[in-house]
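S.K.: Residue numbers (the UniProt record's numbering), protein chains in the order written: chain A, 1 to 653; chain B, 1 to 526.
One or more of the hints may lead you astray.
Unchecked claim - Taking lysine-lysine and the DSBU-like style, the derived pairs with C-alpha atoms no more than 30 Å apart in a straight line are:
#1 A:512 to A:444
#2 A:169 to B:94
#3 B:126 to A:325
Quick caveat, the hints were computed from the structure, so don't treat them as lab data.
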Amino acid sequence: MKNSSLKWIATIVLLVLAITAAVSCSPSSVATTTKTKEAGDDEIKIHIPNFVGIGKVNTDKTGSSSNGESASNSNSNSNSNSNSNSNSATNNNNSGGALANQQDASIIIFMILMILTGAVMIVYFMVSIHIPFIPESIAIVVYGVILGLIFRFSHSDIVSHVATFDPEKFFLFILPTIIFETGFSLPKTDFFKHISGILMLAIFGTFITFIVVGLGIFGVGHTGLSIYLPLRDSLSFGAIISSTDPVCTLAIFQALNVDPTLYMLVLGESILNDATSIMLYRTVTSVGPFTAKMIFYNIALFFLVAIGSVGLGIGMALLLSLLLKWINIGKFPALETIFMIMFSYMSYVLANALDISGVLAVFFCGITFNQYGAYSLSPYTKLTSNQLFRTAAFICETCVFIYIGMTFSFHDFTFNADLFTWSIFFICLSRAMSVFPICFILNKFLKDKISIQIQIAIWFAGLRGAFAFSLGLDYESDYAKIIRTSTILMVIFTIFVFGIGTYPLLKILGIKTSSSDQSLDNINKPLNKKSKAKDRSQLYQSVDDKYFKPWFRKKVPPLATEAIEIFEKLVQSSKDMEMGSVYDFDDDDDYKNNDSFSINNNNNSEFEIGVMDDDDDIPTSSSSSSSKAKSSESKSLINQKSTFSSSSSHSKK
Amino acid sequence: MKSLIKLSLFLIFCINLVNATHDINNGCKDIIGCGPEESKELLIFVVLLFFSVMVVYFISSLNIHFMPESIALVFYGILLGIVVKFTNSTIIEKISIYDADKFFLFLLPVIIFETGFSLNQLNFFKNIVPISILAVIGTLISFAFTGFGVYLMGYLGVSLPVSEREGLILGSVSCSVDPIATLAIFKALDVEPLLFILVLGESILNDAVSIIAFKSVLTYGVSEIWKPIILFFVMLFGSVFIGVATILILGFILKLFDIGKYPAVETIFIIIFSFISYHICDSLGLSGIVAAFFSGITMSHYCYRGLSQETKQTISQLYRTGAFVAETIVFMYIGITLPIHQFYINVPMIAWTLLFFVVSRAISIFPTFFILNKLNTQSYVSLAIQTVIWFSGLRGAISFSLNFSPALDDFPNGQYIQTTILLSVYITLFVFGMGVYPLLKLLKIKTNQREQTLESINTMYIEDETKFGKLGSFFRNIDEKLKLFFSRYDIPPVFLRDKEKENRRNFENEGYQAISDESDYIYGKQ
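Sequences are here, hints too, so could you generate the full structure?
M.R.: What follows is the structure, encoded as structure tokens:
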């Protein structure tokens, strides 16, 4: 172990050195900002002797023309340095540079890839040496901070291109991927069991946080204890900071594999309160005085937006399910994957284009698609889509954390110690004021109570992350700098303190966690996590069984499901053979239940069958007897095929 | 039929949806980072892409032989372009402008890497001699012939008078046969492997020649003729070296740290490293295409077999899906550009250019194979295959994208050159693309009955051990040495596999086979 960790450290140091070298050697970009253009052109001639030829003739022309436009764009949007690349790309009309910017862009992409490699290695390293109280997200943030410090002292345009966080890209590409994956792999039953608590926390909790932080900061500034911020700016700060972040929270809680109630409450809250936060932010930053009418209007609008986005997401997923059912795309698995990606993305983009919450839409799209559409997929896609989505989400999360770290050391701080202390105080206070009363009320009405330990854990899990970070970078006003700085500081502070503190706290409170980091193991678990909770409301259940499932699911012959199950087990068993030392399944039953693709809770439809019962000691479904009969029937069918007889006999071993 | 009606209803719904989004007022902009503007752009783009995938699906269900899906996509793009021309929305205009940067940065590496990854290596290296001769000498002939020919015709007054340098630029941009269009068509038809590998190899390798020619025409005078020659060898071997080296480093990393424990990390590493060589080479000014191609080959030869089963399954589908999407986007944009581009047509120049294409290709191909057939009786290239190779000189996406280079604006006749190249891309695409199937039938060269592109996506890569079996001793030596080199460490070898692993793998392959049989049974393979 020691040997391997030494190896790791050596590799990472080498990698950082390599990146540093690349940074110091990399030529300045040709078309970034008008200020450095002349110097940039000279440098590029020196640095790349013979090869640059193409660009040389005409760089000045296109460079300056596109610079003019991108500069005028970036004047309005003070922080959008890094999207001048995309700007110039779109601004270049047909005369645009095919090869002029291409080398620079290649260097940028190369550096991003190198940085990403380093981050992935760090994650792997963290997981291998088993430090439970440092989540890997924090390790990546630290890595980002170090990289940012290195980049800060190299004065190259390309490097600043690489290092600048672009909120636009985050909202357009990274966020939807992460949220869709979350919705797709969500244990639905657990989620809907706690829906009332989640909604209360997400709507009222966020609102309380907003009011307390906003008014608190304003009050403190007014009485002279801290720097003075106008009411509007204080409230905006409250709105920015009010939403807990799904990305960071997820990363930490998923890694720890905590108690499902806690996990669901925190996760659900962090996803759904984005909508609240955005609405509050819009209301506060919109021009005009606050009037009662406007506030009322905004409350109505909020509900409209929430319902609209959820409806849109569900509608998109149902459309996709119908499409998969009607058209026989199963012949072409690639098309299925493309359709899945396109439709889920469409729901996000469409919601944003309609000015409603894309996050909500894509989240519910994921849930709905997993309920209906996923059953119409072909066996191939079922096997691969899972790993594909998780990998993509993993990359996106890693990017976010790197950028949080890099921006931290790249940012020009307007530090104010009073404001910092007060905002920490108000954040903790406001979260306490929102969590404990709401849980108290919920405990009055709900059957299964939320214990005080879990309440404390929820209170503690108020991480601010990428979402607040991006909103903060987006904010513009006279006091924008102060607000931006304190937002970034808040994000870093909560990630470090709450992130590192979560594991010890859970230990102290005696909440069940897994001993090792799970985030990487999670990636290759099968598609449908079967949740332990089985009681759903009867009405929804019957409607779902009677109408939705037959409508939106494809009638897949039982053989296919069987084939997948057998194959799943086969791969799993071979993997166990290979790395029995690595996997440490403390919960064997759970693991066995997990690898069924079929729906085995209360299915009356005739084309669905339960899990293979041969290595399941406890019958898991209520209709297990019928499914047993069916599966034995189908087993005899399978045995007619020679390939299957060999494989199933193996899986029995 | 029923599903068709349902689908058309669905399409109408989608169109309404898109129309609805256009009508939304543009107020309330930029609330958070992504304003509705960018979202709308992306939305429209995704919808267009969705329909283009549907077009591909229908074309391949309808079984029209002479219409490769790439041509169908271009037609679809033309229709879109016509629609775009009559709408005055700025968003739509923004989308419909072809962005050559993005093509070179993101789409091209995916396509080329996938090509190298799924290549039949034995066939490729067996035919390396004719391929490199065709790629280097053939392309140079084509370049010189077209360049000087167009200049001469202008000088003689038969065509538009252009300067010597302009003529050579025209030649250099259009001298390379395009891998994307050619591949798309030949893959779909599943032609004879020899023909496929010759055309494919030529189209990949001549990229380096074409780029060198383009750069040297812009940079050097006639007196410095030796410079580009040295540069060419530096470029070619440098690119190949970087392409191979990055993947070997990846192999090291995978082996040293036993990353197979976590398939996701493995997948990420593989994705990163498959792009990295392209971008290294491009940022050094070498040929990224050659590098990406050879890293694809190295990946499938050394790294692929060391991967965990899940990663294998995922990345093979991922690559193919990625390449498919990239190709779809490229052809769609080639189509869209036709109606909305501003053309400066000079008919004689286009006609002469096309004629020179055809003639120069004939000059390079037939003598080459005549000599090769005399020297080497092992792999005989019949006249029929030669004819098809001659015919399949498509100009496609790369010429199309190089064409938007700003360097062309500098010349007085730059716009005429642009138009000529664009039109020659369209003409070769349509004529050759649609003519290949009848020609193959006419020459009685074996093809498959149906479109294969979509189906090939889901076959697993099952590596066969005899890939290098018949190779020359030189390559085999290197291969053996590499394997020896990588297996020297006491960690379980990644590149060589032990008996137990092999058994397991065979077993799993059987499982996959069983599943694919099963899905054939369910979904009905005709």
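S.K.: Okay, which hints does this one fail, numbers in order?
M.R.: 3
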